[in-house]
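J.: Protein chains in written order, with our numbering: chain U, 1 to 227; chain L, 1001 to 1285.
If you are wondering where the hints come from, they were derived from the structure by calculation, not from laboratory data.
Some clues are possibly wrong.
[Claimed, not checked] If you anchor each label on the Cβ, the simulated ranges turn out as follows:
1) U:D132 x L:L1244: 57 to 63 Å
2) U:D87 x L:L1244: 57 to 63 Å
3) L:A1261 x U:R68: 42 to 48 Å
4) U:A109 x L:R1126: 30 to 36 Å
5) U:P12 x L:V1173: 27 to 33 Å
Keep in mind that this is a model prediction, so the values were computed, not measured.
Note that the Cβ used here is the ideal one computed from N, Cα and C, for glycine as well.
What follows is the residue order along each chain.
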Amino acid sequence: MILFQNVDKEYPRTGLALADVSFHLRKGEFMFVTGPSGAGKTTLVKLVTMEERPSGGTVRVSGYASDRIRIREIPRLRRRLGIVFQDFRLLKNRTARENIAFALEVTGAPPEQITPKVLRTLAAVGLSDKADHLPSELSGGEQQRVAIARALVNDPFILLADEPTGNLDPKVALDILRVFKDINLRGMAVMLVTHDRTLLGEHPRARIIELDQGRIVRDTAGDGATS
Amino acid sequence: MAYTSREAFFAFRRSPLLTALSIATIAFALYTLSVFGLVWSNIDRVLESVEERVEVIAYLVDGTDPAETSALMREVAAYPEVDSIAYISKDDALARARVELADYSALYEDLEANPLPASVEVALKRGFRNADDVQELATRIARFPFVEEIKYGEDWVQKLDFLQNLSLFLGLVVGGVFAAIAFVAIGATINIVLISREDEIAIMKMVGATRAFIARPLVIEGFAKGVIGAVLALVLLTATYSLLEQRVVSLEFYSPLQIVAGILLGGTLGAVASIFTLHRHLAVW
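Please put together the full structure from these sequences, using the hints given.
T.: Below, the structure written as structure tokens:
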């Protein structure tokens, strides 16, 4: 699914962001990636989405390898990833329903499939009654649910979340974590990047990879990239 | 497709001022270009009609054997640059002089012998009516021993040449400058559109929209702006034309085919400028 093999990432100006990172995220797994800010968490996410390429080693995501993927193949890879950010990234002038439909429209989904899929996904994140609200009419937690729904609507194999609870108060953050857990229970892999250690305690069975200064200092699965 | 067409025209509603401004810039650039083109083509037309009169006249020695004259005419007629060739006998020359110089007709009345020489008039094909080719031809004809004198209006052939080259040069320079202005203007408006839609484009990249998908509505938008600008320029041009026609000078307007080509040129310019700008923006994925 996602395989990092001895991955280094060095930026010309800021230096080494990741050093010798190896892990294998399997189908259906729930993985936290944690660590202090500047540990390389966001770089790791960018390597998964192939927004960045490693300086050394290889990243493999769903059959695409970082050293062989062509620019025009990247959209196909992205459709297999559901991505959620801290700042939600919703279009302000579109309703919840339209924001979710947008992800289908721009990837060329057949128009007749869009509405049923959008409504189904909205229901999955518990927002059926807010379909026609603009983001400004929704709370932070609700906006993040819309963003999650948008990430799910293309049926990705993994949900990739970069600090999804960073802008939310603790109680709402736990609600959002619950949404991720539900999604994971239905068989979808989740990679949740967070610096918030309290979340880790809320999901004891999840795998934890902890980064510090670009290196993995803890992996609760402990098998590196061997499998 | 629904997304593409909706987005392409959404821009017009979303930022009407910016859109109007960019269309106006394109219209002005194309208008100036077309006014210059109109003047250029009319100068060119005048030059062409003058050019048609470019010819080489070879005056023959009196008493030249008609067989030798025919040989000259056959040979010269076979030159690739020669369009037509005509023999003017001494009698023809006198008759022509009597008509053309009617005021001096008394001079010709009491002539005992015809003083005018027979001549051969050579017209050149288009594309050969320039100073170099005319001179080259004159030199070759002058080699026939029974050719007494050659005339081809060296001076004005050269002047005509200069004028035509100048108008071509100005046309290309001024036309090029304004095409570049239009190009930059369209690129700049697309740039602003891209910046104002940064969030949307970032989301599109994130969810897996292809580059072509993101680019398509903007290319259509650039094309549409170019076409609208060109139509506006045409309206202005028509007004200018009728004003000039009434007050100053009679001109020939563009043909319908040229007008269609001009409008398509506007659209193409808009689309290419958009593609050019997009290429820079969408290089990073």
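J.: Run every hint past the structure and note whether it holds.
T.: Hint-by-hint comparison with the structure:
At about 59 Å, the CB distance of U:D132 to L:L1244 agrees with the hint of 57 to 63 Å. Taking the beta carbon of each, U:D87 and L:L1244 are about 59 Å apart, inside 57 to 63 Å as hinted. L:A1261 and U:R68 have their C-beta atoms about 46 Å apart, which keeps the hinted 42 to 48 Å range intact. A hinted range of 30 to 36 Å is violated for the C-beta pair U:A109 and L:R1126, which are about 60 Å apart.
The given range of 27 to 33 Å is broken by U:P12 and L:V1173, whose C-beta atoms sit roughly 43 Å from each other.
Comparing the model with each numbered hint stated earlier shows that hints 4 and 5 do not hold.
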